[in-house]
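Mind docking chain B on chain A? Use the hints.
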Amino acid sequence: MISFILIILAATFFTGIIIRTKSIASGRKGPGIFQPLLDVIRLFNKGTVYSETSSFVFQIAPTIYFSSVFVAMLVVPFGQSKGFISFNGDFIFFAYVLGLGKFFSIIGAMDTGSSFGGMGASREALYSMFAEPAFFILMGSLALLTGYTSFQEIFSALHLGSSISYALAVMAAVVFLLIAMIENSRMPLDDTKTHLELTMVHEVMILDNSGFDLGLILSAGYLKFAMYGAIIFNLFSGTIGYKYAIPMFFAMQLLLAFIIGIIESFMARFRMNHNAQFIVVLSSVSLLIFFGALLVSGKFI
Amino acid sequence: MNLVWGFLLIPLAAICVIPFLNLKGKAIAVYMAVSFIAILTSFVAVKALMGESFNLILQGSFISGPIRLQVDALSAWFILIINFTFLTGGFYGLFYMSAYQNQPKNLTLQAILFVLLYPALVSLCFIQNGFAFIIAWEIMALSAFLSVIFEHEKAATIKAGINFIIQSHVSLVFLMIGFIWVASQTGTYDFEAIHTYALANVGVTSLWLFAVFFIGFAIKAGFVPFHTWLPYAHPAAPSHISGIMSGVLIKIGIFGILRMLLLIPVDYLVVGVIILFIGLFSGIYGIMMAILQHNLKKILAYSSVENIGIIGIGIGLGCIGLGTNNPVLISLGFAGALLHILNHSLFKSLLFFAAGNVYQATHSLDIEKMGGLIKKMPQTALLFLIAALAISGLPPFNGFISEFILYTGLFGLITNASVVSMLGIIFTITGLVLIGGLAIFCFTKAFSVVFLGNARHTFHHHVKEVSKFQLLPLYFIVILLVFIGLFPKIFLDILIKPVQLFTNLQQLPFNSFQGNGIETMLSVSNSSLYFILLIISIFGIRKLLLRKKTVTVSSTWGCGYTAPTHKIQYTGSSFSRTYSQLFGFLFRIERKEKLPKGIFPAKAHLETNSYDKVEKWLIDFPITNLKLFMGRFLFFQNGKLQFYILYGIVFIISIISLPILYEQIILLIDFLKQL
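Here the protein sequences come in this chain order: A and B.
For the first sequence, the working numbering assigns the number 1 to the initial residue and increments by one for each residue that follows.
For the second sequence, the working numbering assigns the number 302 to the initial residue and increments by one for each residue that follows.
Hints in this document: simulated from the structure, not taken from any laboratory.
DSSO-like, lysine-lysine: derived pairs with alpha carbons at most 30 Å apart: (1) 849/B / 46/A; (2) 46/A / 850/B; (3) 46/A / 844/B; (4) 455/B / 928/B; (5) 193/A / 868/B; (6) 670/B / 455/B; (7) 325/B / 769/B; (8) 29/A / 46/A; (9) 455/B / 914/B; (10) 670/B / 904/B; (11) 917/B / 893/B; (12) 917/B / 928/B; (13) 676/B / 46/A.
The shape of chain A in the complex, shown without the other chains:
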């Protein structure tokens, strides 16, 4: 339960830090770190505009998208303490619930009948399809390493003993970070700040959303970042007590947001047709982790 509160707290500033980092890196002062939160609150208080083409799918899609992220968040543990939902194989539920959210965000975009919506939707569907194997291979390797199949048990059994397992945890952190970037359609794949609809992925899917719905979608994005941040934190948390773990959690989230900000500041977006290859690389890295796990568990002779 504690993870749930912490993730929400972290989500309030995560995206703000990214934006702040980017603005400082480009020599601007930038908005305050709670500006994204204020934006969402403002949106929640607004009326809304629907496209005349759209149907009930368009109206329900943001709600389901947000709920899927919210439920996925409930699965994530915090160090020793379980998430609100925890059972053997809960990470399968985690991935599939997020899949449901994606399904609805895709059909929500298609519901407007706009060609831009179609572009974004087809790209999103393709990328998320590629990104999922990486997550499962990674979780498979962690399950192999620890012998457990639920988030909390895996993370609490993940003793960082040898140097190889440190390397594995770092690699796993990188994979999770990249998954988070793909899930949130961030820089190497998608430029959130682009002004050309043709080159957008996520932004172009939500062109027609407004008011409360847009607020839900944005806050789902913030939560997603903090959620993956929490998973990465769990990779390293081990068995330390709350007294150190909670500050470490926030420090970790700050660091991740900073890293993402730096990446976004100094990297250009990939060409659209290179994105698929980039995501496949992710699966290869997680395969490397798998072999590493084999090595550590002594099954590799």
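Then chain B, alone, in the frame of chain A:
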């Protein structure tokens, strides 16, 4: 005994009565017959699932020998699935077919075939005699064939039907080889003889015997590379028949494979790995082909191949469990497969029925001509959406449950396996995840192109929702679909008895799923409930907040462009364009194009069609070569009657002289030996 008489007499009576009734009477007669048979067989099946299996030996004839009937837990599971699909499909069909009232003769034939197909399919589940099995199989295949070619005035339908009947008979040949093989060795067609014969010849012989049966049944089930009939037969058939074919007819192939696994002791590890691999390949290939299709029913047909693949993965896992004496894996593998059989029969028949509604409303199956149907047929759209979510394996629907069980089996296996099998497992997990991701891609495309956005084509008739009664069976399916998703435990408890049949093969104890890694099912259903509650409450908050705000309806954002047409929408092909570019090398995509040229371009067009590579190499290539080879003997067919009579005489003489010649040759060989 009375039960068997009832089972045989009900369809007979219906068939005799149907031709003399008016349309309404026919419909009532068909549905009454179907309901009676369903009640009868369900009664027996439920008893069998409670542990009281049904056994009966019929006299039979001197060719077939005594015909043994047996309903055990496995048969019972399949019988119940078939019953449900036929009850819903039959009800749907009554209203679907009413659109063809101007063809009364054709409808009479359809009605008779429906009453024939159903008992034939059910009887396959309990006949334990090879001879009778083949006969029932043939009745099933022929009545299905005639049902498929209902719209026989279309050339494509006839072609699809003939394709189906030929492949059905190829499968029949394999089954006949298997049954005759055993009968020639043991002198009886009884299934028990297969068991005793295989037990006496464990090793290569039993493996071959299994392989023969496996191929026979795999053609019916539609495993890649034997799937090529599916994408033709399903679109051609009337929708209730496609739903039934995809829902249960192809599952009878799976049933056959499971039955043979119970009868033929083989090296389960080897067989398991092979089935797992075939399943994985079918799954990925099926869904990858599905994405490329433009015909709504073809999408669904290829997605059936995918789901058969997932079932195959389950069976493969179960067999690996049998090979390694791992009761947990056996139970998870077979339970996952059996539950997915039920699940697929539900959502696939639902999808086909919804596609049937679309076909009736638009008279087309080309998804590129559709769009915006959600406004005209909101109920069909909602039903299709739920089925699409379920088939993509997403919670809180039933598809997730069976896939979750398979994942649990795979991840459970990972912690105690050798390196080589570990690679296999990670490969399988990756495959299963890819199947899931591709299914989302496929069904977001199918749903959004058909139902969302603006209409892409102006139909010259009024497009409207089908009648309430026609939608009724679809809602029944949805209720069951959600019920399984939320309360999977009930269904897992029912599955204990069927799974026990498999654990008994290795004398392993298995009494419940407790401690098998899926006692967590309760948590899964709870989480799904939370999820639904959350959606409802957020939507409620949204409603509340929006009550006081202004809600405007305006046109879609067109990047400032003010005169958008429906033509600038994304089509199905454009949705999957990046995908087909990435994986184009795997498929055969035919392009016919005439690009616009010059300052005043004339008419231009672009047409892409995907063609199945497996079909090209496995079906077309041999047939072309066979045709070439046979063409050399064309001179025999010279059209002169005298020659034909001569051929007949030559044939008769050679048939008579063959045994004599054979004896002479034996004599000669003996003589040579003596020398």
